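Next come the chains, spelled out residue by residue.
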Amino acid sequence: MAVCVAVIAKENYPLYIRSIPTENELKFHYMVHTSLDVVDEKISAMGKALVDQRELYLGLLYPTEDYKVYGYVTNSKVKFVMVVDSSNTALRDNEIRSMFRKLHNSYTDVMCNPFYNPGDHIQSRAFDSMVTSMMIQVC
Amino acid sequence: MSPTQWDFPVELCCRPMAFVTLTGLDVVYNAVHRAVWDAFCANRRADRVPISFKVLPGDHEYPKCRPKRTSYEWYIPKGILKTGWMNKHLNLVPALVVVFYELDWDEPQWKEKQSECATRVEIVRQSLQGRNTKVAVVLIQKKTPLPPGEDVTASERAAALCNACELSGKSLFVLPHTDHLVGYIIRLENAFYEHAQTYYYTEIRRVKSHKEFLNKTTHQLLFVRHQFKIAFFSELKQDTQNALKNYRTAYNLVHELRAHETNILEIKTMAGFINYKICRLCFQHNTPLDAIAQFRKHIDLCKKKIGSAELSFEHAAWMSKQFQAFGDLFDEAIKLGLTAIQTQNPGFYYQQAAYYAQERKQLAKTLCSHDFSSLKTGEHYQQCYLKNGSKNSLHASVTYPNPDPLETQTGVLDFYGQRSWRQGILSFDLSDPEKEKVGILAIQLKERSVVHSEIIITLLSNAVAQFKKYKCPRMKSHLMVQMGEEYYYAKDYTKALKLLDYVMCDYRSEGWWTLLTSILTTALKCSYLMAQLKDYITYSLELLGRASTLKDDQKSRIEKNLINVLMELYSVLVQNESPDPEPDCDVLAVKTAQKLWSDRVSLAGSNVFTIGVQDFVPFVQCKAKFHAPSFHVDVPVRFDIYLKADCPHPIRFSKLCVSFNNQEYNQFCVIEEATKASEVLENLTQGKMCLVPGKTRKFLFKFVAKTEDVGKKIEITSVDLVLGHETGRCVVLNWQGGGGDAASSQEALQASRSFKRRPKLPDNELHWDSIVIQASTMIISRVPNISVHLRHDPPALTNEMYCLVVTVESHEKTRIRDVKLTAGLKPGQDANLTQKTHVSLHGTELCDESYPALLTDIPVGDLHPGEQLEKMLYVRCGTVGSRMFLVYVSYLINTTIEDKEIVCKCHKDETVTIETVFPFDVAVKFVSTKFEHLERVYADIPFLLMTDLLSASPWALTIVSSELQLAPSMTPVDQLESQVDKVVLQTGESASECFCLRCPSVGNVEGGVATGHYIISWKRTSAVGSVPVISTAITLPHVIVENIPLHVNADLPSFGRVRESLPVKYHLQNKTNLVQDVEISVEPSDAFMFSGLKQIRLRILPGTEQEMLYNFYPLMAGYQQLPSLNVNLLRFPHFTNQLLRRFIPTSIFVKPQGRLVDDNSIAAA
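Residue numbers (this note's numbering), protein chains in the order written: chain A, 51 to 189; chain B, 6 to 1170.
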């Protein structure tokens, strides 16, 4: 399923990033980082209007030869980025969307934790296991 | 770069244009021919028809046409497309051959010329035997032709010529050599173009006609070939729609071919060619999405067709080329007006091309190195290989196959994408496995000479340029990192470092520490290999820091190296300790680097490196904190420097110094290893100069502020920490301000948000996050130890010399010097107050405008401990209202702090708000002599001015005197002497005066006549004699003066007595310049009998007076009404008796009858 899941802070530094361990971790870091270009552009294109009703799911950010990168941005400008193997055609837009929703819910749970300081790296076991479930689900 | 095997041939990439040859033109020696040629080929603009022209001699040999095949039954094709085919039809086989010939219609030797022309045409036809190439003749004529049909000779001769040359009439042209050459040429070439199109059309038909002879089993290759040819001819015909259609068919056919390891390269090559053509045409048709879709399909189909595993680098090279070519096409289309977007731009294709190039490099590295296992010294081989880079040098160790299997007889391949050692062999079985092996070896060896890094870097930089255009800064950074890494592999460390250094800050500022660490690691290797000391140290510092995600063992290795580098020159014991090489470095480069490092030792020059840390995240953190936001000047300024190391091992430093905005303090805030460091309070002898990882170290500094800095801010401008030794090699970490580096502001923010309770630490240890930087402090003056009292009696009275007694008492332990007093109106109030407030030290004289509102720095001398002094101040306030007064006492005192004698300037100030009020209210009124209120006064008739002085002061006032200063228009009737001299008024009491005045007649004055001033001289009753008397002048109100025509006044005694005669005399004065007729009557009264004229009419001359005498005889006692006098002026009907009553009494007191006689009788009785 997903090969890399990342949560990026409003200020664009990573809050959480996990990729499948067999692959070159650095490559995914770079991929997530470069995808922020498109996220930034999409956010600025949306403008200030319709802040309440806008779609959080940003869709496919950019395709590479081997991977597809999807994006999602919360109302507080926290970004979720998910990298999916290009060969995995089973994943349709709707599945990606629901995965992001799940991620968002889990992230909200993290934020609700009074011991979590917003802006710190996410070190939640619940969040971790949710991400793990997303990364192996279909594979 | 010279074209490589993978580059597309030029003839594929160019735009195919109809090929037309021109013969019979001597462009070298014949000026006319030259001009004609220039008109054809020079400055061809886009609106001209697409033809490529070539001048050839008339007897030029065109490529031979092979005999037509009648049957394909036994024919087995040897490959898909011959390498020469495209070039042949672009540049060798013309669609049309034009024969130029100079011949005018009226040529005298027509016959000879005609036959010569026919011969020329024949020669051309000969060499084109078997081809469908058209021939045309152009006659260059000197004369302008007549309109068609008029010149009979011309049409006759033209027909004859056509006949002789076996030409159709459409193929004969006339080119008059006149002024409008270019115009004729354009018409000519349009005609040529039509001929060419017909030619290509027939060619297409011809190729199509072969199709029916083909069968699917043996002629699969031909299907592709023919389809390609049709498409190519369509392109030459400029029929791009059909060309595209046919290329698409050809593309599908290519993939239908049976693929095998032996022919996969040929299939891929052709697929690549056709794909290129399709994409190119799609962009040309402005359907970029089709182009992209085709390309994706192409890549998806071909990605897995790797072919021979031993030559898999070829596949990567081919893939790379596909992407690069598409990127080029895309970019070209953009230059012609296509708009690309952020997520779909040529950059992605260049990037992918670069990735495949990298893959190629990887594969080449693994596949092409197996040969060297047999070599004795790999390095030796590598060296000589690097030097020469050509296969000739290989003889030394490895044998490049001889004869070269890659050589062909012609030097080129017959078919695209075939192996040179088995050209035209279609069998899937290898007939000669040995030959195959040799061929593969040759290719592998050749691949070694390819400079992969150069290819990769070019592609990456292309991609960078694109992503820069399409707002992808992070993608750009990423590619630049890759470029840097590639330069590193290519051993161009300078360029690598430059690129990496450039992008580092992007990753740092966004807090992507993993990526930053990876970049830094490469950068560190580069700087190591170049023995760049400063860079090496900088990168080490950051890699040891908290932003680095390196493992501890890595960190400790780097730290060890760093210490080695820093100690190198210092310690004699450590001999030539160049740092250990970074892991995974090229062995050869390490050798060079070690040499460079050892050279550094002998190299004199700067060995002190100052590194500003604000732009990166070093492994030592620093925070400076003043103990208080302000310090009194007589107290030493204290502050702490907190240091924390994040490296794995303890580190020593040799010096810590602090710089301030006032540099004089710098000297007091230094800790050095050598000195005893008396400034440091916490004298930890053990490990004082040592930072233990994870522990916060605190260094307390203190210094005595300069008295000049009172009121100023002292700021820490920088903190310098010296690692290593200043005598040897050292690095100075320089924190701007009170510490903090590239990451600390974000950390501080996070720490401030955190609710987390920090674990308890042992005493005198602090949580790093809880330390807040305080980099500046104020120096404020010493606390004064004197008291200042003010004594006064508020409120102040307007204009008085208000006395303010200031008492200063010293509570200091020593004598205070130079006591100065500043007193007066507190600055910063209403400007008008400054004008109306004056301060003086002398109460004996009134101060005037020249006195200031604030007296500054009045010296009052010295004060001994406990002594007090008093100073009187006099304030004169010209207006009412409240004012703030300031009393500011300053003095100097000598004190000692930290065994240092300083002179402190202290000051104390007191402010007081004083209300100013009027001392009294003055009311003035005008009354008639009968004390009746007057609205106006009458000219020349006396009236009374009454003043009423009401004390408003809470203190008793003494009216010294009062004076009435009359205006010139007023005259006093009697003496104007003061009636209120020396009167003392308590609060609420009042003093009145009354003056009798007369106002002579004046004209009609608007607003009345000025009366004058009333001046009151006064002082407080309590004031001492020396205090001056204050004069307050009050402007009296103006009065309206009215003229009356007649004035009547009466002379009569003050009282009457019953039955005693009471003589009354009325004076009637004519105040006008006219003779007045006056009617006078006296009405009887019950209380009086009278004698005199009861009714009379008389005349009074101007300015004269008439007297009327009456004798009244009172009949009753008491207050009695007099018989009223009525005056009637005939000329002035407004003059009424009402008015008259104001002047003359209307009643009189009558006493009862006297009893003087009776008294006597009583007495007698």
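Honestly, the hints are just simulated from the structure, not real lab data. Bear in mind the structure is a predicted one, so any value in this text is a computation, not a measurement. You may find that some hints are simply not true.
With a straight-line Cα cutoff of 27 Å, these simulated DSSO-like cross-link-like pairs (lysine-lysine) come out [said to hold, decoys possible]:
| id | chain 1 | residue 1 | chain 2 | residue 2 |
| --- | --- | --- | --- | --- |
| 1 | B | Lys761 | A | Lys60 |
| 2 | B | Lys213 | B | Lys309 |
| 3 | B | Lys600 | B | Lys496 |
| 4 | A | Lys77 | B | Lys175 |
| 5 | A | Lys77 | B | Lys703 |
| 6 | B | Lys474 | A | Lys60 |
| 7 | B | Lys761 | A | Lys77 |
| 8 | B | Lys440 | A | Lys77 |
| 9 | B | Lys440 | B | Lys83 |
| 10 | B | Lys500 | A | Lys77 |
| 11 | B | Lys600 | A | Lys77 |
| 12 | A | Lys118 | B | Lys476 |
| 13 | A | Lys118 | B | Lys302 |
| 14 | A | Lys118 | B | Lys310 |
| 15 | B | Lys474 | A | Lys92 |
| 16 | B | Lys473 | A | Lys92 |
| 17 | B | Lys711 | B | Lys700 |
Between beta-carbon pairs, the in silico distance windows are [stated by the list, open to error]:
| id | chain 1 | residue 1 | chain 2 | residue 2 | range |
| --- | --- | --- | --- | --- | --- |
| 18 | B | Lys539 | A | Lys77 | 30 to 36 Å |
| 19 | A | Arg147 | B | Val613 | 57 to 63 Å |
| 20 | B | Thr554 | A | Asn155 | 51 to 57 Å |
| 21 | B | Glu266 | A | Arg142 | 49 to 55 Å |
| 22 | A | Asp159 | B | Val613 | 35 to 41 Å |
| 23 | A | Lys77 | B | His632 | 48 to 54 Å |
| 24 | B | Thr371 | A | Arg142 | 50 to 56 Å |
| 25 | A | Asp159 | B | His632 | 28 to 34 Å |
| 26 | A | Glu105 | B | Gly699 | 31 to 37 Å |
Don't be surprised by glycine CBs; every beta carbon is placed ideally from N, CA and C.
Let me make sure I understand: some of the numbered hints might not hold for this structure. Which ones are they, in numerical order? Per hint list: 2, 4, 5, 7, 8, 11, 17, 20, 21, 22, 24, 25 and 26 violated.
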